[in-house]
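Sequence lines, in order, name chains A and B. When we follow our numbering, the leftmost residue of the first sequence carries the number 1, and every step to the right adds one. When we follow our numbering, the leftmost residue of the second sequence carries the number 1001, and every step to the right adds one.
Calculated from the structure, these hints are not laboratory results. You may find that some hints are simply not true.
Sample of chain A residues with no beta-carbon within 10 Å of chain B, all distances over it, derived [to be verified]:
{"no.": "1", "residue": "I12"}
{"no.": "2", "residue": "Q17"}
{"no.": "3", "residue": "M19"}
{"no.": "4", "residue": "M27"}
{"no.": "5", "residue": "K44"}
{"no.": "6", "residue": "G53"}
{"no.": "7", "residue": "N65"}
{"no.": "8", "residue": "T71"}
{"no.": "9", "residue": "E72"}
{"no.": "10", "residue": "R77"}
{"no.": "11", "residue": "P83"}
{"no.": "12", "residue": "S84"}
{"no.": "13", "residue": "A92"}
{"no.": "14", "residue": "N103"}
{"no.": "15", "residue": "Q105"}
{"no.": "16", "residue": "P109"}
Label pairs and their calculated CB-CB ranges [said to hold, decoys possible]:
{"no.": "17", "chain 1": "B", "residue 1": "E1014", "chain 2": "A", "residue 2": "D56", "range": "42 to 50 Å"}
{"no.": "18", "chain 1": "A", "residue 1": "P39", "chain 2": "B", "residue 2": "T1097", "range": "23 to 31 Å"}
{"no.": "19", "chain 1": "A", "residue 1": "N28", "chain 2": "B", "residue 2": "S1041", "range": "26 to 34 Å"}
{"no.": "20", "chain 1": "B", "residue 1": "S1009", "chain 2": "A", "residue 2": "A82", "range": "30 to 38 Å"}
{"no.": "21", "chain 1": "B", "residue 1": "N1030", "chain 2": "A", "residue 2": "K57", "range": "40 to 48 Å"}
{"no.": "22", "chain 1": "A", "residue 1": "Q17", "chain 2": "B", "residue 2": "N1054", "range": "48 to 56 Å"}
Note that beta-carbon positions come from the ideal geometry of N, C-alpha and C, so glycine has one too.
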Amino acid sequence: NAGVTQTPKFRILKIGQSMTLQCTQDMNHNYMYWYRQDPGMGLKLIYYSVGAGITDKGEVPNGYNVSRSTTEDFPLRLELAAPSQTSVYFCASTTALAEGSYNEQFFGPGTRLTVL
Amino acid sequence: DAKTTQPPSMDCAEGRAANLPCNHSTISGNEYVYWYRQIHSQGPQYIIHGLKNNETNEMASLIITEDRKSSTLILPHATLRDTAVYYCIVRVVGGATNKLIFGTGTLLAVQP
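Using the sequences and the hints, build the whole thing.
As structure tokens, then:
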């Protein structure tokens, strides 16, 4: 298994440009998440999905959109890039287990985005 | 999910035990304590979790106080590769969203 993969690894955008960060997992997990991490800070949840066709906002959703048309893929869309969106973006996934199981989240390697 | 408090940084000598504390005084009865770590520039990695009993796996041990208001992650023989930010998170298992709420964690620096 490749686990959670993210593309691209690095990207520089100009203010106002758009881009899609890709996330794919091959573990058949139904839960997927997008986080951002600013320098020296913990991860903040942007959006999450509990299954194909179902998405919901996290702590910091403004300026982002997501879709979940398949179990494997959970792309994150930035429509009008702003300098405040300069960050490292992590995608994660987990499976829905019964209470008492540990629901470990598996993280991708991250995408480093700079908006100038 | 309950809030946690961790020291911002700690040092440890290579080969010695690293003891990382976490305060979670408002933890609820159905919330577990999880530990993740993040090695520089990588995605976080699960380490261990527990409810009320002490737990041990190949990576670490987790000691939870009897009142469950605090816990300690123990790396028994720290190596340079254990230098990372360690996050203590409390959450309900098997909830509707399985979300993790990250604080700022503890930066553990293992010194040669």
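Evaluation of the provided hints:
no. : hint                         : verdict
1   : I12                          : 17 Å, holds
2   : Q17                          : 24 Å, holds
3   : M19                          : 20 Å, holds
4   : M27                          : 14 Å, holds
5   : K44                          : 7 Å, violated
6   : G53                          : 16 Å, holds
7   : N65                          : 19 Å, holds
8   : T71                          : 15 Å, holds
9   : E72                          : 18 Å, holds
10  : R77                          : 20 Å, holds
11  : P83                          : 21 Å, holds
12  : S84                          : 19 Å, holds
13  : A92                          : 7 Å, violated
14  : N103                         : 5 Å, violated
15  : Q105                         : 6 Å, violated
16  : P109                         : 6 Å, violated
17  : B:E1014 to A:D56: 42 to 50 Å : 44 Å, holds
18  : A:P39 to B:T1097: 23 to 31 Å : 27 Å, holds
19  : A:N28 to B:S1041: 26 to 34 Å : 28 Å, holds
20  : B:S1009 to A:A82: 30 to 38 Å : 31 Å, holds
21  : B:N1030 to A:K57: 40 to 48 Å : 24 Å, violated
22  : A:Q17 to B:N1054: 48 to 56 Å : 51 Å, holds
In the structure shown, a violation is registered for the earlier hints numbered 5, 13, 14, 15, 16, 21, in ascending order.
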